[in-house]
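Here the protein sequences come in this chain order: Y and H.
For the first sequence, the residue numbers in the numbering used here are 1 to 297.
For the second sequence, the residue numbers in the numbering used here are 1 to 406.
For the record, the hints were derived by calculation from the structure and aren't laboratory data.
Among the hints, erroneous ones may be present.
[As the list claims (entries may be wrong)] Straight line, CA to CA, 30 Å or less: simulated DSBU-like cross-link-like pairs of lysine-lysine:
(1) H:K371 / Y:K138
(2) H:K405 / Y:K138
(3) H:K405 / H:K151
(4) H:K53 / Y:K138
(5) H:K96 / H:K285
(6) H:K199 / Y:K138
(7) H:K285 / Y:K138
(8) H:K405 / H:K347
(9) H:K285 / H:K53
(10) H:K236 / H:K246
[Claimed, not checked] Here are the computed distance ranges between Cβ atoms for each label pair:
(11) H:N268 / Y:F213: 42 to 48 Å
(12) H:N268 / Y:A45: 49 to 55 Å
(13) H:D367 / Y:S78: 46 to 52 Å
(14) Y:Y140 / H:K228: 39 to 45 Å
(15) Y:I241 / H:Q87: 35 to 41 Å
(16) H:V294 / Y:S67: 23 to 29 Å
(17) H:G288 / Y:A287: 52 to 58 Å
(18) Y:L136 / H:V79: 23 to 29 Å
(19) Y:T84 / H:E86: 28 to 34 Å
(20) H:H221 / Y:S162: 50 to 56 Å
(21) H:V161 / Y:Y140: 51 to 57 Å
Note that the coordinates shown come from a computational prediction; the quantities given were computed from them, not determined experimentally.
Heads up, the beta-carbon is just placed ideally off N, CA and C, and yes, glycines get one too.
Single-letter residue listing:
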Amino acid sequence: MTSTASAPRQLRHSVAAYLYRRPAIRLSMLLSAPLLWLGLAYLGALAALFITAFWSVDSFTGQVQVSWSLHNFVSLFSDSVYRTITLRTVGIAVLVTLIDAVIAFPMAFCMAKFTSPATQRILVIAVLTPLWASYLVKAYAWRTMLSGNGFLNWLLAPFGLSSPGYGLAAVVITLAYLWLPYMILPIYAGLERLPDSLLSASGDLGARPLRTFRSVVLPLAFPAVVAGSIFTFSLSLGDYIAVTIVGGTSQMLGNVVYSNIGAANNLPFAATVALVPVVIMLVYLAAVRRTGALDNL
Amino acid sequence: MRNRKLLLAGVLCAALLAAACGTSSGGGGGGGAGSTAPNPQGFTPPNLPALEKLGQPEGQLNVLAWPGYAENGSNDPKVNWVSPFEQQTGCKVNVKTFGTSDEALSLMKTGQYDVVSASGDASLRLIASGDVEPVNTSLVQNYADVQLFLKNQPWNSVNGVPYGIPHGWGANLLTWRTDLVTPAPTSWSVMFDPSSRYKGKIIAYDSPIYIADAALYLMRHQPDLGIKNPYALDQKQFQASVDLLKQQRGMVSEYWSDYLKEAQSLKNGDAVVGTAWQVTVNQVKHDGGPVDSVLPSEGATGWSDTWMVASKSTHKTCAYDWMNYIVSPKVNAEVAEYFGEAPANTKACTLTTDKTFCDSYHANDADFASKIFYWTTPISQCLDGRTDTQCTDYSEWTRAWTEIKG
Numbered sequence: 001m002t003s004t005a006s007a008p009r010q011l012r013h014s015v016a017a018y019l020y021r022r023p024a025i026r027l028s029m030l031l032s033a034p035l036l037w038l039g040l041a042y043l044g045a046l047a048a049l050f051i052t053a054f055w056s057v058d059s060f061t062g063q064v065q066v067s068w069s070l071h072n073f074v075s076l077f078s079d080s081v082y083r084t085i086t087l088r089t090v091g092i093a094v095l096v097t098l099i100d101a102v103i104a105f106p107m108a109f110c111m112a113k114f115t116s117p118a119t120q121r122i123l124v125i126a127v128l129t130p131l132w133a134s135y136l137v138k139a140y141a142w143r144t145m146l147s148g149n150g151f152l153n154w155l156l157a158p159f160g161l162s163s164p165g166y167g168l169a170a171v172v173i174t175l176a177y178l179w180l181p182y183m184i185l186p187i188y189a190g191l192e193r194l195p196d197s198l199l200s201a202s203g204d205l206g207a208r209p210l211r212t213f214r215s216v217v218l219p220l221a222f223p224a225v226v227a228g229s230i231f232t233f234s235l236s237l238g239d240y241i242a243v244t245i246v247g248g249t250s251q252m253l254g255n256v257v258y259s260n261i262g263a264a265n266n267l268p269f270a271a272t273v274a275l276v277p278v279v280i281m282l283v284y285l286a287a288v289r290r291t292g293a294l295d296n297l
Numbered sequence: 001m002r003n004r005k006l007l008l009a010g011v012l013c014a015a016l017l018a019a020a021c022g023t024s025s026g027g028g029g030g031g032g033a034g035s036t037a038p039n040p041q042g043f044t045p046p047n048l049p050a051l052e053k054l055g056q057p058e059g060q061l062n063v064l065a066w067p068g069y070a071e072n073g074s075n076d077p078k079v080n081w082v083s084p085f086e087q088q089t090g091c092k093v094n095v096k097t098f099g100t101s102d103e104a105l106s107l108m109k110t111g112q113y114d115v116v117s118a119s120g121d122a123s124l125r126l127i128a129s130g131d132v133e134p135v136n137t138s139l140v141q142n143y144a145d146v147q148l149f150l151k152n153q154p155w156n157s158v159n160g161v162p163y164g165i166p167h168g169w170g171a172n173l174l175t176w177r178t179d180l181v182t183p184a185p186t187s188w189s190v191m192f193d194p195s196s197r198y199k200g201k202i203i204a205y206d207s208p209i210y211i212a213d214a215a216l217y218l219m220r221h222q223p224d225l226g227i228k229n230p231y232a233l234d235q236k237q238f239q240a241s242v243d244l245l246k247q248q249r250g251m252v253s254e255y256w257s258d259y260l261k262e263a264q265s266l267k268n269g270d271a272v273v274g275t276a277w278q279v280t281v282n283q284v285k286h287d288g289g290p291v292d293s294v295l296p297s298e299g300a301t302g303w304s305d306t307w308m309v310a311s312k313s314t315h316k317t318c319a320y321d322w323m324n325y326i327v328s329p330k331v332n333a334e335v336a337e338y339f340g341e342a343p344a345n346t347k348a349c350t351l352t353t354d355k356t357f358c359d360s361y362h363a364n365d366a367d368f369a370s371k372i373f374y375w376t377t378p379i380s381q382c383l384d385g386r387t388d389t390q391c392t393d394y395s396e397w398t399r400a401w402t403e404i405k406g
């Protein structure tokens, strides 16, 4: 009886002892699942995307033809329309990021420094609540609000202004609204870690509030702003739904990808275009890394 | 050092994947390239057999349809012809709708659908790629009552072999807000003329096939271009059409592919004039928006739709039952009246609730039907019969469409 019960225990012991003595194996077992996920599902998909970009498609039957060529890349670079769309998309992403940073920073600062812990919790929940609603509901809500006889027009009419209507401005407004929580939360987390004593010390040394903000708060909170900007920038860069709902006639990179898959059925060219945001993000991350912001995250 | 090792591992991983992809696809790619001498329609369809006899209904059917073609009561509880079919045949129907022919084409490529209502700009491409198979019309009882001028047409048959059952046809109409656009327009020039008073309030269709609308306009307004068929454009004619659309873009408020989005824009007055289907007009009227539509003096592009069976379908008996059901006189009348198009079944005309319906849609008027330029896929061989020049094919249209939208 005792011998049968102790056998598994003994095995367990010896396995545990073995693993204890060999930390490398322990670590590799622990990391193999997430690494497999990262390697196959994520990097594998990216690699497949990259390979597909070299193929082409039969224009009539729509069948993918597997033959290597740089044709897709040539048309991506030679057609000025794709340059225009890329610049427009980056412009929108930058604008959305800037607007979100300008709105989010004071908000996060107030949340972190001027409120009691209980209120802070409520405010964090309040910031998160828009994320509970579906993306589409929010985008369509903006479509209704921006309409010619919508809420925004009614609000602005007494001042002699009118709603911007459907177009690029509407896209920027909608995206800035949609991604605002992703900017507020990292900045809030960053500012919360900023000790109050530093602010007092700065004041004691005779710095005015603006000087304290510029020399103490901003440098310390900068990594958090960068973290937020990675979210808002990348999310805006890949968006194609908001622009179809409120964008009027304009299109972004995502729309070109979507219409090449959905409408033109040209998967290889869609893959080529999809590489553009990937490259832009890599450049952005490299630039961010140079500022040292990633090390402080 | 460690970073470099990781990088090396990553590169090796990617190379391995590339090799795997390269070899696996090398064998499969051969099929697409092997096209032989083209027939008068410019291609040779793969040799697929039609169904020989019906079996037991398989209990399920996946329908890919234009919005308004396969209503199951979810849009309007009173509009439902899917449920009676389910009760009659025991085939449970899943409906997926699409907004453009290109969307239908790529959805059909997934192989998840059994039947599709294809317009002429999708049907030939579906046939050429082998996504649909010939239809044995003797298994579709109601085919006998279908209008003669719709049978064995270039968009639904190849070399006399029928590939589907005609469903209905109609035109892309000029639509406007009756309270905001006066006088009532009779020409497409309200949408194309740079001096149009409705600049910034124009809504246009979001598909490369819309280039044909511009070509049709030029056909009437710039006869010296010599356009005979808006789907057969040589380089010069094509460029003129594209230029016209680029100029129109500055006046367009939105492009639509979702008809409900267009209905909303028309209802709210964000767009006051545009190109629309009758079903959109009916929807706006239903929601209380004052709109009207007309077939303008230049004529119009339009559609002639065909129900086709997917070659990979595993529910073919249900698919044939569906085709027979949907073109049966009563249902064909219901669909035609709901969508706003001419029904294909000659007997449908006596069963419409509005007795003048078929007259107003010219359902029995073969001459009228011949004046609409039905959506068809542009190919490099000119469809208007010219042999001295090359026409622009659909891939050029697609590329130009991205350029037009900018």
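Hint-by-hint comparison with the structure:
no.	hint	in the structure
1	H:K371 / Y:K138	44 Å, violated
2	H:K405 / Y:K138	25 Å, holds
3	H:K405 / H:K151	37 Å, violated
4	H:K53 / Y:K138	51 Å, violated
5	H:K96 / H:K285	25 Å, holds
6	H:K199 / Y:K138	29 Å, holds
7	H:K285 / Y:K138	27 Å, holds
8	H:K405 / H:K347	43 Å, violated
9	H:K285 / H:K53	45 Å, violated
10	H:K236 / H:K246	15 Å, holds
11	H:N268 / Y:F213: 42 to 48 Å	44 Å, holds
12	H:N268 / Y:A45: 49 to 55 Å	40 Å, violated
13	H:D367 / Y:S78: 46 to 52 Å	47 Å, holds
14	Y:Y140 / H:K228: 39 to 45 Å	44 Å, holds
15	Y:I241 / H:Q87: 35 to 41 Å	38 Å, holds
16	H:V294 / Y:S67: 23 to 29 Å	49 Å, violated
17	H:G288 / Y:A287: 52 to 58 Å	53 Å, holds
18	Y:L136 / H:V79: 23 to 29 Å	24 Å, holds
19	Y:T84 / H:E86: 28 to 34 Å	49 Å, violated
20	H:H221 / Y:S162: 50 to 56 Å	34 Å, violated
21	H:V161 / Y:Y140: 51 to 57 Å	46 Å, violated
Consistency with the previously given hints fails for numbers 1, 3, 4, 8, 9, 12, 16, 19, 20, 21, ordered from lowest to highest.
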